[in-house]
Amino acid sequence: MKYEVTYMTNEFTWKVGGAQGEGIDSTGEILATVLTRMGYYIFAYRHFMSLVKGGHTNYKIRASTLDPIYYHGDDLDMLVAFDQLSIQENEDELIEGGIIIHDAKFQATTKRAGLKVCSVPLSDMAKELGNAIIKNMVAAGASAYVLDIDPSNFYEQIEQQFGKKGVELVELNKTAFNKGYDYIKDHYGDVRRPAPQATKPATGSLLMSGNEAIGLGAVLNGCRILAAYPITPATEILYWVLANLPKYGGKVLQAEDEIAACIMAIGANYAGVRSMTSTSGPGLSLMMEALGMAGISETPLVIVDVQRGGPSTGLPTKTEQSDISGALYGSHGETPRIVITPTTIPDCFYQIGRAFNLAEEYQLPVIVCSDLLLGMNKMAFRDLDLSTVDIARKGFVDQEQLDALEKGAFKRYSLDTESGVSPRSIPGMKNGRYCALTNEHEETGLEIEDVPMRKAQMEKRFRKFDELQKHVNDWGYDYTGVEAPDVLIVGMGSTVAQIQEATRHFDGISYGHLQFRCLAPFPTDVKKYFEAAKKVYVIDNNYTGQLAGIISREIGYHAKLNPVLKYDGNPFTIRDIVTAVKG
Amino acid sequence: MATLADFRFEKATWCPGCGDFSVLAALQQVCVRMGLEPEDVCCVSGIGCSGKISQHFGSYGFHTLHGRSLPTAQGIKMANQDLTVIAAGGDGDGYGIGMGHFIHACRRNVDITYIVMDNHIYGLTTGQASPTSKKGFKTKTSPTGVAEEPVKPLELAIVAGASFVAQAFSGELKQMQRIIEEGMKHKGFSLINVFSPCVTFNRVNTYEWFKENIVNLDEEEGYDKHNKAKALQRIGETDSVCTGILYQEDRPAFHEAVLGATDRGTVKLPLEIPQAEMQSLMDQFRR
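Quick mapping for you: the protein sequence lines, in order, are chains A and B. Heads up: the first sequence at position 91 corresponds to 91 in this note's numbering, and the numbers run straight through without jumps. If you want this note's numbering, it's the position in the second sequence, counting the first as 1, plus 583.
Calculated from the structure, these hints are not laboratory results. One or more hints might be untrue.
With a cut-off of at most 35 Å between alpha-carbon atoms, the simulated DSBU-like pairs for lysine-lysine come out as follows [what the hints assert, rightly or not]:
id	chain 1	residue 1	chain 2	residue 2
1	A	K407	B	K768
2	B	K594	A	K407
3	A	K430	B	K768
4	A	K165	A	K127
5	B	K594	A	K455
6	A	K116	A	K582
7	A	K411	B	K770
8	B	K594	A	K411
9	B	K594	B	K735
10	A	K165	A	K105
11	A	K430	A	K394
12	A	K470	A	K535
Can you make the complete structure from the sequences, with help from the hints?
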């Protein structure tokens with residue numbers, strides 16, 4: 001049974017599709033920027049393939065006038081198609097009576113009845129202007145007419161974008177825009193899908209991807225070294241940090257592989273600099289031995305894993321939440337690590353700051369698992385709360401404390417610690433000498449194999465979780481809904497958006513929505529919701545039900561858990577969740 | 584002023600007669616001679632017998648994973664260029680599992696000194712063929728003799744862009760000390776491959792064998808360490824069984840060439856960004 005997802009009248013959706021390399025992204029970016037500036041809350045979603053030219057790519061925007069939105073929506077009001085493949089790939093998504101604007105260079109066919117199809121010579125008009133690429137501006141003009149957006153908003157954008165490159169280019173773009181606008185007005189004057197009026201905020205809005213939010217958060221929270229290897233969908237973190245960190249004396253290094261990248265970050269952290277590496281699944285696999293190295297040497301480490309479809313090379317340009325088990329349990333031997341799953345694009349900013357503080361305070365690896373949906377897509381929202389930036393440097397020994405010790409008596413791995421954290425020195429500190437060791441060691445750092453010391457060091461390292469456990473319940477999950485629901489919907493990370501929207505279609509079902517932001521240590525306070533619920537749906541963007549597995553391992557309730565799985569490379573739709581719950 | 588005692592930490596556990604003792608002793612003596620303080624030196628090692636050097640050396644240390652001394656050392660140097668950073672390990676560690684990092688460290692020219700204690704065999708795992716084992720060498724994993732050609736670290740380093748390439752021998756302490764000192768003073772990536780015999784598992788490449796076969800290029804008349812082509816030629820002619828500072832060039836180290844280069848250690852820079860600047864970083868995204 002198919003549930004109709006009815007959107008509120010304060011929204012609209014738009015998409016442009018074509019071959020890769022023909023300006024789909026730039027067309028999308030133009031509209032996204034204009035809408036953001038006009039005050040719309042938007043979520044912009046890029047669908048693309050792992051190739052440079054050809055194939056099919058599209059850029060979808062969902063815009064709202066009321067509240068921030070975190071998902072691009074199940075349905076589509078209007079499609080701009082640069083080729084027939086774009087129609088084939090996207091026609092099912094169009095609403096009844098939806099609009100297609102297609103390039104007149106091809107004969108458009110659609111299996112859908114009742115659509116409004118407008119043929120516009122996008123390429124020809126661009127060619128007339130002597131610039132094939134400018135069809136993106138022609139398409140923007142045609143879209144603006146249908147959406148009833150005043151051209152002045154686009155003129156402003158064109159001036160900002162091309163002003164530096166000269167008056168001629170500005171005028172050319174304006175002409176292209178007007179050609180598209182006027183053509184559709186003259187030929188399809190009644191095809192309109194007027195956008196609801198947005199309120200323009202005095203201070204403008206931020207248009208940001210999750211990767212950018214992580215880059216910004218890292219720099220503001222004291223990260224001064226990033227070592228990374230390029231990989232989709234994480235590379236934009238590297239770009240943003242590279243563009244902004246050097247002016248603060250920070251360094252960015254493109255390593256020869258992810259093994260080196262991660263271990264360089266460990267070395268830099270050992271030497272006292274907040275450092276991280278950013279990667280995706282294949283890179284995380286290569287970092288497994290480094291996780292153990294940071295763990296046993298008790299060196300802080302921040303890894304950002306922007307998850308994509310696996311296994312192996314898998315689906316490099318598609319989303320999935322399938323690295324979670326690897327992040328929690330990967331690497332040989334056992335070592336505590338924190339695994340954070342940010343829920344939204346702004347949350348990426350807040351959680352990366354938390355990651356740096358926790359890594360340093362507890363001297364262990366923190367893995368921030370976002371995913372392609374968060375990482376590579378953009379949303380417009382009003383502001384980030386910069387007052388949350390708090391570089392709390394903990395876990396260090398003072399020089400005075402070292403001076404008071406006998407020469408060479410510093411116990412880097414002191415067992416005399418309730419929290420499991422032994423304050424560390426950094427190279428350069430007098431009388432703070434120690435050798436960080438990947439072998440099991442005694443308190444000063446010498447290699448040992450004796451039984452009581454091994455046990456004591458193992459227990460010390462895992463004792464860090466006792467203290468973390470106390471506060472992870474405060475931030476490790478969000479819960480909305482009734483206290484003792486019939487139905488409990490559980491997700492982790494980015495699925496928050498679709499689950500939240502799905503609950504609006506539950507029609508009177510007594511429900512609760514639990515969204516995990518931290519999976520290790522596991523926020524055990526959530527147990528009460530599982531206890532109360534009659535039925536639990538676990539939304540897992542993977543095949544094996546990794547979140548459900550963690551829940552049953554940590555708190556049980558195996559029989560109550562109904563996994564709702566998706567592993568086709570796409571994020572969950574609202575319909576997927578409503579259908580799973582309502583049957 | 585630090586003394587030898589300051590650079591000693593616990594007694595080394597190598598087999599009596601192991602070449603690694605001399606490397607440790609040379610390193611300690613050079614640090615004293617150079618007037619370094621133990622807190623300003625960091626010794627990073629990999630896994631294997633030689634990897635234990637960081638535990639026995641009195642400076643800060645990191646005994647890392649098999650093959651990973653170079654990425655760790657480069658991370659440390661990036662974080663604090665004011666430290667003297669020494670990476671150390673064996674031939675299996677550096678030229679087997681760590682080979683990828685080795686080549687890239689050479690071309691990156693990070694200002695660290697990499698000492699490889701090369702005994703042509705895996706010692707700690709009790710005698711398997713190593714990347715530098717000579718062809719035909721019989722070990723537990725090559726019962727009829729090694730089938731492959733040995734890795735040629737000196738030539739590789741020169742070709743990959745290392746700015747200081749040298750080879751020493753544990754049986755020639757004075758020369759080794761001088762080479763290590765020059766390597767540590769050199770600005771940029773220094774490879775010092777040290778023939779450091781394994782007295783337990785390698786009965787072929789012994790102290791005597793090296794003494795008989797080594798050609799000392801330091802003492803060879805007319806040898807020009809700045810001539811890359813000649814260096815490669817002479818190393819080849821000796822079948823890499825030579826000692827001396829074999830190649831050296833002056834070029835900017837990574838911490839000078841990197842975008843955002845600073846004149847003091849990254850670790851010494853303030854972390855807080857003023858409120859107004861934080862705001863302007865965020866405002867890059869404002870539309």
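A quick look at each hint next to the structure:
Using a Cα cut-off of 35 Å, the hinted pair A:K407 and B:K768 holds, with the two alpha carbons roughly 28 Å apart. Proximity of B:K594 to A:K407 is assessed by CA-CA distance (about 17 Å); at most 35 Å being required, the pair is judged to hold. A hinted pair counts as satisfied when its Cα atoms are at most 35 Å apart, and A:K430 with B:K768 qualifies at roughly 23 Å. Proposed proximity of A:K165 and A:K127 is supported: the alpha carbons are some 21 Å apart, at most 35 Å.
Between B:K594 and A:K455 the alpha-carbon distance is near 25 Å, which keeps this suggested pair within the 35 Å criterion. For a cut-off of 35 Å, the pair hint linking A:K116 to A:K582 stands: about 33 Å separates their Cα positions. Of the supplied pair hints, the one linking A:K411 and B:K770 holds, its CA atoms being roughly 33 Å apart against a limit of 35 Å. Proposed proximity of B:K594 and A:K411 is supported: the alpha carbons are some 18 Å apart, at most 35 Å.
Taken as a hint, the B:K594 and B:K735 pair is honoured in the structure, with Cα atoms around 33 Å apart against an allowance of 35 Å. Restraint check for A:K165 and A:K105: the C-alpha separation of about 30 Å stays at or below 35 Å, so the hint holds. Taken as a hint, the A:K430 and A:K394 pair is honoured in the structure, with Cα atoms around 19 Å apart against an allowance of 35 Å. The straight-line distance between the Cα atoms of A:K470 and A:K535 is roughly 28 Å, inside the 35 Å bound, and the hint therefore holds.
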